[in-house]
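Asker: Residue strings, one per chain:
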Amino acid sequence: MAATSKPTVGFVQTLNRRPLVKYLFWFGIAVALVLLGWIFNGLKGGFFEFPLENWVNIGVDWLIIKLAVVFDSIKLITQIVLNNLERFLLWLPWWVVLIAIILIAWRLASVRVAIFSGAAMYFIGTLGLWELCMSTLALIATAVLISIVLGIPIGILSARSDRVDNVVRPVLDAMQTMPAFVYLIPALMFFGIGKVPGVIATVIFAVPPAVRLTNLGIRQVPGDLVEAAHTFGSTGFQLLLKVQIPLALPSIMAGVNQTIMLSLSMVVLAAMIAAGGLGREVIMALGQVDIGRGFVAGTAIVLVAMILDRITQSLGKKRKMSTL
Amino acid sequence: MSDNKSPRGKISCRNVWKIFGPDPQSALSLIKDGMTKEKVLEETGHVIAVRDVSFDVNEGEVFVIMGLSGSGKSTIVRCLNRLIEPTKGQILVDDIDLATMDEDALREARRHKISMVFQHFALFPHRTVLDNVAYGLEVQGMHKAERRKKAMDVLDLVGLKGWETNYPHELSGGMQQRVGLARALAVDPEILLMDEAFSALDPLIRRQMQDEFLNLITEVHKTIVFITHDLSEALKMGERIAIMKDGEIVQVGTPEEIVVVPADEYVEEFVRDVPRSKVVPVRNIMKEPAVTLYSWQGPKVALMEMKQNNANYAFILDPGRRLRGVVTADEAKQAIKEGVARLSKMVKGNALQIGPDQPIEEVIPLAATTDNPVAVVDEDERLIGEVPRTELLIGMTGEGNNNGGDK
Ligand SMILES: Nc1ncnc2c1ncn2[C@@H]1O[C@H](COP(=O)(O)OP(=O)(O)OP(=O)(O)O)[C@@H](O)[C@H]1O
Ligand SMILES: [Mg+2]
Chain A
0 MAATSKPTVG FVQTLNRRPL VKYLFWFGIA VALVLLGWIF NGLKGGFFEF
50 PLENWVNIGV DWLIIKLAVV FDSIKLITQI VLNNLERFLL WLPWWVVLIA
100 IILIAWRLAS VRVAIFSGAA MYFIGTLGLW ELCMSTLALI ATAVLISIVL
150 GIPIGILSAR SDRVDNVVRP VLDAMQTMPA FVYLIPALMF FGIGKVPGVI
200 ATVIFAVPPA VRLTNLGIRQ VPGDLVEAAH TFGSTGFQLL LKVQIPLALP
250 SIMAGVNQTI MLSLSMVVLA AMIAAGGLGR EVIMALGQVD IGRGFVAGTA
300 IVLVAMILDR ITQSLGKKRK MSTL
Chain B
0 MSDNKSPRGK ISCRNVWKIF GPDPQSALSL IKDGMTKEKV LEETGHVIAV
50 RDVSFDVNEG EVFVIMGLSG SGKSTIVRCL NRLIEPTKGQ ILVDDIDLAT
100 MDEDALREAR RHKISMVFQH FALFPHRTVL DNVAYGLEVQ GMHKAERRKK
150 AMDVLDLVGL KGWETNYPHE LSGGMQQRVG LARALAVDPE ILLMDEAFSA
200 LDPLIRRQMQ DEFLNLITEV HKTIVFITHD LSEALKMGER IAIMKDGEIV
250 QVGTPEEIVV VPADEYVEEF VRDVPRSKVV PVRNIMKEPA VTLYSWQGPK
300 VALMEMKQNN ANYAFILDPG RRLRGVVTAD EAKQAIKEGV ARLSKMVKGN
350 ALQIGPDQPI EEVIPLAATT DNPVAVVDED ERLIGEVPRT ELLIGMTGEG
400 NNNGGDK
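Chains as they are written, first to last, in numbering that gives the first Met the number 0: chain A, 0 to 323; chain B, 0 to 406.
Keep in mind the hints are simulated off the structure, nothing from the lab.
We treat Cβ as the ideally placed atom computed from N, Cα and C, and that holds for glycine.
A hint or two may mislead.
[Unchecked claim] Reference excerpt, derived from the structure (chain B facing chain A, CB under 8 Å, subset only):
1) Ser-53
2) Phe-54
3) Lys-87
4) Gln-89
5) Phe-117
6) Thr-127
7) Tyr-134
8) Val-186
[Unchecked claim] Derived pair list, reagent style EDC-like, types lysine to aspartate or glutamate, alpha-carbon separation capped at 20 Å:
9) Lys-241/A <-> Glu-107/B
10) Lys-244/B <-> Glu-267/B
11) Lys-21/A <-> Glu-267/B
Starting from the given sequences, assemble the full structure and let the hints guide the process.
Answerer: Laid out in C-alpha cells, this is it:
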C-alpha cells in the first residue's frame, strides 16, 4: 500500500484500511488483558494466570443480586405459561389431544402425516408414557413460544441494522458452538433446578436458528423489491409487513422448524436438572442401566421428534410454493 | 450558488455528486484538490459514480439518459427519488430541493409525485397482479375497494385486463413490465423514472413496448426520465438525450444534435453507425418548390413556368397557399389541347405530403410507394417546400452509412 498523505479519516477506517494496524491493535488489547490477569493473580507455574473463573463467579453473584427483579419475573412468566399449558394438556382426555394432533397434522401437512401422527401418539400411549409425553410437549411448546417471541424480533432487528447484526452474530456463534449441556449451568446458577431452568436452557439452545433464519430470510429479499417498496413511499413498518416478512416467511418457518427440533433435543437433556418429561425416563434408565426402559423412552422421543418435524417442515414448504 | 430566479424545468439537477465508500466527503475533497478518480479509487477505495452532473428536464418531456454500463445512469436516476443519497448537489423538483427534504416530505413526494419502473420489473412475487398495481395506493392508506378499482382502470390502460388475479411469475416478461408500468402509473405521478425499463425484454417485445409506451404517454401527461444503454432506443424515445460517460454528462441535445454534431469523440463513437436519416428531419434537406401555381391560373402558364424552371411538374395552391394538387407537363399539354381554362378544373393527382419534422428515414419507404412528388407541408397544409427524390437518396446514405440500426 502506498503510504502517501492521507486525508483526515476516522480511527475505525484506519483500522479497516490497514490490516497491520488492525492486528497490532488487537494484539495490544490481548497483551493488556494478560498483564491485567498477572496483576490480579501473580505468576503461576510459568503461565500468566488469567483469573476468568473468579471473574465469572463474581460477575454472576453480582448479577443475581442486582437483577433479582428481572430473573424473578422471567421465572414467573415462564412458570405461568408452562404450568397452565401442562395442566391443560393433562386435563384434556387423551383422545381429544389425539384428535387435535391429527387435525393439525392434516390441515398443516397432509393426510399421510396426519395418519402417521395419530398412530405414533397412540403408540406412545400404549407404552404408558402419555403423561410424560404431555409434559414434554408442554416444555417444548413453552420454550418454542419464548424462542419465537424473542428470536424473530431479534432476527428482524439484526436484518435491518448491521450494527445489531455485528453484536448478535458472535453471540449466536458462541451459543451454537458450545455443547448443549453447557447451558444447563447458567440456567442452574440463575434459576436453580426444576422445569423453569429447563425451559430457559432450552430457549438459549434453541433460539439461534429462529434469529438466524429470520435475519437471513429478510436479508435475502431481493434488493430491487426493497427499492420498489421505498419508491412507492412505504414506511419502514410497511416495508417489513408488506414485503420483507411475507417474502422471508419460508426461511422464518425453516427457522421455527429447527427451533422446535432443537427444543426437543434440549428438553431431554434438561431432565438432568429435573425438568421432567420423557427425558426423565431416559436419565433414570441410564442411571439404572435399564435397557428396556431406556429403549421405550427413546422410541417415544424419536416419534415425537418425527411428528413435530413433519408438521412444521411441510408448513415451510407450503409457504414456499405459494410465494415463488 | 442561489440563482433561484433563472427559469427551471420540472426536474433540475444541480452539480450532483455521488461517491460510494465509507467517507465520501473526504474523497470529494481529494477530487476537488485535483486527484483523478482512478487514483482516489486506488488509494481510498471510493467509487466516483456520479460526478458534478447538472441537467434540466422540462415538464412533459421524455428525457433520455444514455451511457455504457457503469457510467452512472442508475445512480443518477436513483438520486432523483433518493433511493440513493447524493453526496452533494441539489435535486430540484418543482423548485423544491429533494436532497435536503426530511423523511416525511420525501415519502410524500415518492407517494404522489415521483414513480419508478425497474429494469428487472421488481414485482412483488407474493402479490397478485392487481395487488402489485395497487401497492402504491395501499401504502398511501387508500381503502381496498377504491384502490382495487383504480388499479383495475390502470391495468386496462396497459392492456392487462383479465390478468388481475394472476401472480407475476405466471406472466411473460413483456406482461410483467406492463404490470411494473401500471404500478408506477396507478399513483398518478407527475414524474416517471424508468431505469432501463425495456432492456430486459426480447428485441421484438421491446420494440412493441416502446411503441405502446410512446402512445400511452400522449394520453397521460407525464415528465419522463428514461434510462437506456441502447442508442436506437434513446433516439426513438427521447425528445432530448443526455450522454453519460464515467459519471459525467458529456452532451445534452436533441437526437438530431447528438447524431449530427457529437460533442466529442466518445459521442461520435457512439453514433458512428447511426444512419443520419434516422434523426435528420426532412426540413434539413427540403428545397424551395420549383414551380408553384395558383388554381385559377391556366395550363398555358403552367407549361411555360415548367419549361422555364426545367421541371416537369408543378404544385397547385389555393389562395391560402394550401396544397391542392400536382400537374405534370404532359397533363398541361393535354389540357391545352382540350381547351381547359383553369388548373383547378384539371387537378387529378396529388403530391405525397409530409411534415417538416419527420425523420428522412420515415419518408423513404413512403416515397417508394408512389411516383408523385414529395411535398413538405405545415400543419395547415400550406406548402413550405419539396424534397427532390435525388435529395432523399443522398439524405439516406448521408455520412454515417450502412444499415446498423440497433446498437
Ligand atoms: N452500492 C455501490 N457501491 C459501490 N459502487 C457502486 C455502487 N453502486 C454502483 N457503484 C458503481 O458506480 C458506478 C456506476 O454504477 P451505475 O449502476 O450507476 O451504472 P449504470 O450506468 O447504471 O450501469 P449499467 O448499465 O450496468 O446498469 C459503477 O462503477 C458501479 O460499480
Ligand atoms: Mg443501471
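Asker: Against this structure, judge whether each hint is valid.
Answerer: Status of each hint after checking the structure:
no., hint, verdict
1, Ser-53, "violated (24 Å)"
2, Phe-54, "violated (21 Å)"
3, Lys-87, "violated (16 Å)"
4, Gln-89, "violated (21 Å)"
5, Phe-117, "holds (6 Å)"
6, Thr-127, "violated (11 Å)"
7, Tyr-134, "holds (6 Å)"
8, Val-186, "holds (7 Å)"
9, Lys-241/A <-> Glu-107/B, "holds (18 Å)"
10, Lys-244/B <-> Glu-267/B, "holds (13 Å)"
11, Lys-21/A <-> Glu-267/B, "violated (49 Å)"
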